[in-house]
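For chain R, the structure is supplied; the task is to place chain A on it using the hints.
Next come the chains, spelled out residue by residue.
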Amino acid sequence: MIAVGIALLAPLRDPEGVRDSDARADRLAELELRKETKYGEIRDAEADFHAGKLSREDYRALDRTLRREAVAILAEIDHAGQQGPPV
Amino acid sequence: MTTFGRALLIIALLTAVWAAVSALRGARLNQREWVVSSRRAIYALAAVLTGAAIVLESAFLRSDFSFGLVVDNSSTTTPTFYKLTAMWSSQGGSLLLWVWVLSLFSAAVLFATRHALREIVPWATAVLGGLATFFCALLVFKVSPFTSVANVPAEGAGLNPLLRHPSMMFHPPLLYSGYVGFAIPFAFAIGALASRRVDAEWIRATRRFSLIAWTFLSVGILLGARWSYSELGWGGYWGWDPVENASLMPWLVGTAFLHSMIVQEKRDMLKVWNITLIVGAFTLALLGTFLVRSGILDSIHAFGASTVGGWFLGLIAVVVVGSAALVVSRLDDLRSERKIDSLLSRESFFLLNNLVLVGLCFVVFWGTFFPLISEAVTGNKASVGPPWFDRYTVPLALVLVLLSGVGPLLAWRRVTLAQVRRLFAVPAAVALATLIALALFTGATGSPASLVLFTFAAFTITSVGSEFWRGIRTRRLVNDEHTGAALASIVRRNRRRYGGYVVHLGVAVVLLGVAASSAFTHQVDVRLKPGETARVGDYLVRYVRPTADVSSEKLNFGAVLDVRKDGKRAALLRPSRSYFPSLDPAMGPIGRFFGGESTSEVGLRAGLKEDVWSAMQPDLRSLKPGIRAGNRQLASVGPRGQAIGIVALAQSYTGNAPAATFRLIVDPMVTWIWLGGVISLGGALLALWPSALASRRRISSLYAARLGRELSRA
Chain R
3 MIAVGIALLA PLRDPEGVRD SDARADRLAE LELRKETKYG EIRDAEADFH
53 AGKLSREDYR ALDRTLRREA VAILAEIDHA GQQGPPV
Chain A
6 MTTFGRALLI IALLTAVWAA VSALRGARLN QREWVVSSRR AIYALAAVLT
56 GAAIVLESAF LRSDFSFGLV VDNSSTTTPT FYKLTAMWSS QGGSLLLWVW
106 VLSLFSAAVL FATRHALREI VPWATAVLGG LATFFCALLV FKVSPFTSVA
156 NVPAEGAGLN PLLRHPSMMF HPPLLYSGYV GFAIPFAFAI GALASRRVDA
206 EWIRATRRFS LIAWTFLSVG ILLGARWSYS ELGWGGYWGW DPVENASLMP
256 WLVGTAFLHS MIVQEKRDML KVWNITLIVG AFTLALLGTF LVRSGILDSI
306 HAFGASTVGG WFLGLIAVVV VGSAALVVSR LDDLRSERKI DSLLSRESFF
356 LLNNLVLVGL CFVVFWGTFF PLISEAVTGN KASVGPPWFD RYTVPLALVL
406 VLLSGVGPLL AWRRVTLAQV RRLFAVPAAV ALATLIALAL FTGATGSPAS
456 LVLFTFAAFT ITSVGSEFWR GIRTRRLVND EHTGAALASI VRRNRRRYGG
506 YVVHLGVAVV LLGVAASSAF THQVDVRLKP GETARVGDYL VRYVRPTADV
556 SSEKLNFGAV LDVRKDGKRA ALLRPSRSYF PSLDPAMGPI GRFFGGESTS
606 EVGLRAGLKE DVWSAMQPDL RSLKPGIRAG NRQLASVGPR GQAIGIVALA
656 QSYTGNAPAA TFRLIVDPMV TWIWLGGVIS LGGALLALWP SALASRRRIS
706 SLYAARLGRE LSRA
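Protein chains in written order, with the working numbering: chain R, 3 to 89; chain A, 6 to 719.
By construction, these hints were calculated from the structure, which means they are not laboratory data.
Take these hints with a grain of salt, some might be off.
Ranges of calculated distance between the beta carbons of each label pair, as one might list FRET restraints [claimed, not checked]:
#1 R:R66 with A:L336: 54 to 62 Å
#2 A:L89 with R:R70: 26 to 34 Å
#3 A:N385 with R:I4: 53 to 61 Å
#4 R:D16 with A:E62: 36 to 44 Å
#5 R:D80 with A:D338: 52 to 60 Å
#6 R:E59 with A:A611: 33 to 41 Å
#7 R:D80 with A:L690: 31 to 39 Å
#8 A:N484 with R:R66: 22 to 30 Å
#9 R:A82 with A:L336: 55 to 63 Å
#10 R:D16 with A:I15: 21 to 29 Å
#11 A:A330 with R:D16: 36 to 44 Å
#12 A:A142 with R:S57: 57 to 65 Å
#13 R:D80 with A:G319: 30 to 38 Å
#14 A:A330 with R:R70: 34 to 42 Å
Note that the structure is predicted; figures quoted are calculated from it, not measured.
For every residue, glycine included, the Cβ atom is placed at its ideal position computed from N, Cα and C.
Pulled out of the complex, with its shape left as it was, chain R reads as follows (with noise of 0.2 Å):
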């Protein structure tokens, strides 16, 4: 029971502490997973083309538009680690 109790005041009685946990780098992270599912999904509509489920003009339409969001992200991920520490 104080184990138990210990355990969840202490973030309490350094809250300062907590509040450097580096929201600048879940907010990386998070991007990142983005970034991957982004790549997939052009991984994806590539290997839909040359399966033939896609025509070409799809095909060039939707890799675009991937890669524009990709970009986006990509360039999300700059600015978030170029950004100084959390406040």
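Frame of chain R; chain A shown alone:
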């Protein structure tokens, strides 16, 4: 030790309350320290409940009869294997299992998301903490698994004999893990709504947990069917029993969710639908738990009428009303700007598949609750049977099989008619050839529904095969790899897609088994004396001789059956009936051995083509004079003398056995159901298997470089 167990449950309750309250405070005031504290509370909750489960399991293993639960559900003669399972054969034990699994899942998801979804996680933690509070409160105030016994008996009542089957070791915990697993995406969906962050991130963060829940539920359902087939002695694997249906409903809606969440991930659509589905799946999981506990519907699986049914109903009401209110208040955020581009696209067929799955769920729901509905409307409690369920579920299942073959062939957004013709040509040709071959060379035309299902299943299996083939061919063209390496590459690069295809294949195989075994089964119920024969299908079955075994745990009366086809021996089956002694002394020292629970032990020869299944009911009336005499003469002798009396009775049965009643069944392709289950499990594990981080990084850097190059060209 019961006091220690109760203390752990009280600590668990306080910890769960803290988790919910501190998470809410952290979310509302955006105070990180409270959020971290709530996460730690969930970790602590998992540790404390693990301790409580260990205390209870060790009591069962030690046959500690100071625990009321151990007295009621175990005995010194219960095999160790089944002592471990006895925990979930009782109400208190199974509720402890529920909340323990919930705490483990919650701790795992909060650990996985400790660096992500800062806005959603605190609300999700509050929901998970709230659910844990509910179950811990039930365990502390209503049905404690740690009740103590004032006068400790020397022996317990033993485990319900029906539960003494290997499947029962795994069936309940898997089913519960499936039910509980849906709590994770549900909690994150509520978190997404509360924080107004309704993009696909909550789905991505909990995708693996949704699939784990679905996999557990699928395996749990199949193990339950297997237990029913080989233990209950009625000869089937699915009887549309309310508790069976209760597990099928969340599975159907969960399957719909697994498909529609991909649409939100890929196309940012169906946001309201996805939240509705996961709320539905979790509510139905709670409903399943409620059905088992309330005793409102007659079932062989129910714990009987109990005091916690009303509490579950209250929780279900809170979940449904609260979720609906939250969805309505966030409708503006949930609106998607994207629309389905074409009816010939993967997303439109996913939506169709969703409608069929939800339609199936509605049929099962209506049939299951019809007794209550009819009682409310007419005053009479009428129920519907398997023919009613078959009438509505069979057509929907046929459409579902076809859709599971069509979906993989289509691309996202749109496919042209010319591409449809090319992609569908081979699967459609194989399906047509299957239809013609079955119609010409088998008796399948006797069951049109089965014939259509075989045809659609052939389409689906070929469609999945052709998807693999297309992937391999593309890979070989681009990378100049041999077939095996190309197969490994495409699966490694997209485990989720190919794992899903394997699951489709497995489901098609399961439904093939269901269709064949339902439509072309042969069953006879006969009374035979030793030496007599009966015919079932193409088999001649002869009752060779009776058998009787006596052990400290049970009496077993059985038969040896010689099964022949075309004059050659096909199998030697040994069905039997086991009698477990009652603890009621009023039945007499010998009579009590026949007065307890009894179970059927099936004699089975399983095969890919067909199973030969047998169960028997011995006629023990001839033993009654001996039992009465034994009760009079052996009342004062010890257990050893009584055992000699029982052995003498058993010998008198085998020496002059009367006719016994047999149920004999020839069931085609039942093994395909279990085989399809194994294939589906393999597919699910493939989809769940994590990608190697190193290779992912390498691929990412390649794409990043390519993106950079193209960007610089633009």
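Hints and how they fare:
no.: 1; hint: R:R66 with A:L336: 54 to 62 Å; in the structure: 32 Å, violated
no.: 2; hint: A:L89 with R:R70: 26 to 34 Å; in the structure: 56 Å, violated
no.: 3; hint: A:N385 with R:I4: 53 to 61 Å; in the structure: 59 Å, holds
no.: 4; hint: R:D16 with A:E62: 36 to 44 Å; in the structure: 38 Å, holds
no.: 5; hint: R:D80 with A:D338: 52 to 60 Å; in the structure: 28 Å, violated
no.: 6; hint: R:E59 with A:A611: 33 to 41 Å; in the structure: 54 Å, violated
no.: 7; hint: R:D80 with A:L690: 31 to 39 Å; in the structure: 37 Å, holds
no.: 8; hint: A:N484 with R:R66: 22 to 30 Å; in the structure: 24 Å, holds
no.: 9; hint: R:A82 with A:L336: 55 to 63 Å; in the structure: 31 Å, violated
no.: 10; hint: R:D16 with A:I15: 21 to 29 Å; in the structure: 28 Å, holds
no.: 11; hint: A:A330 with R:D16: 36 to 44 Å; in the structure: 37 Å, holds
no.: 12; hint: A:A142 with R:S57: 57 to 65 Å; in the structure: 59 Å, holds
no.: 13; hint: R:D80 with A:G319: 30 to 38 Å; in the structure: 51 Å, violated
no.: 14; hint: A:A330 with R:R70: 34 to 42 Å; in the structure: 38 Å, holds
When the structure is compared with the earlier hints, violations turn up for hints 1, 2, 5, 6, 9, 13 and for no others.
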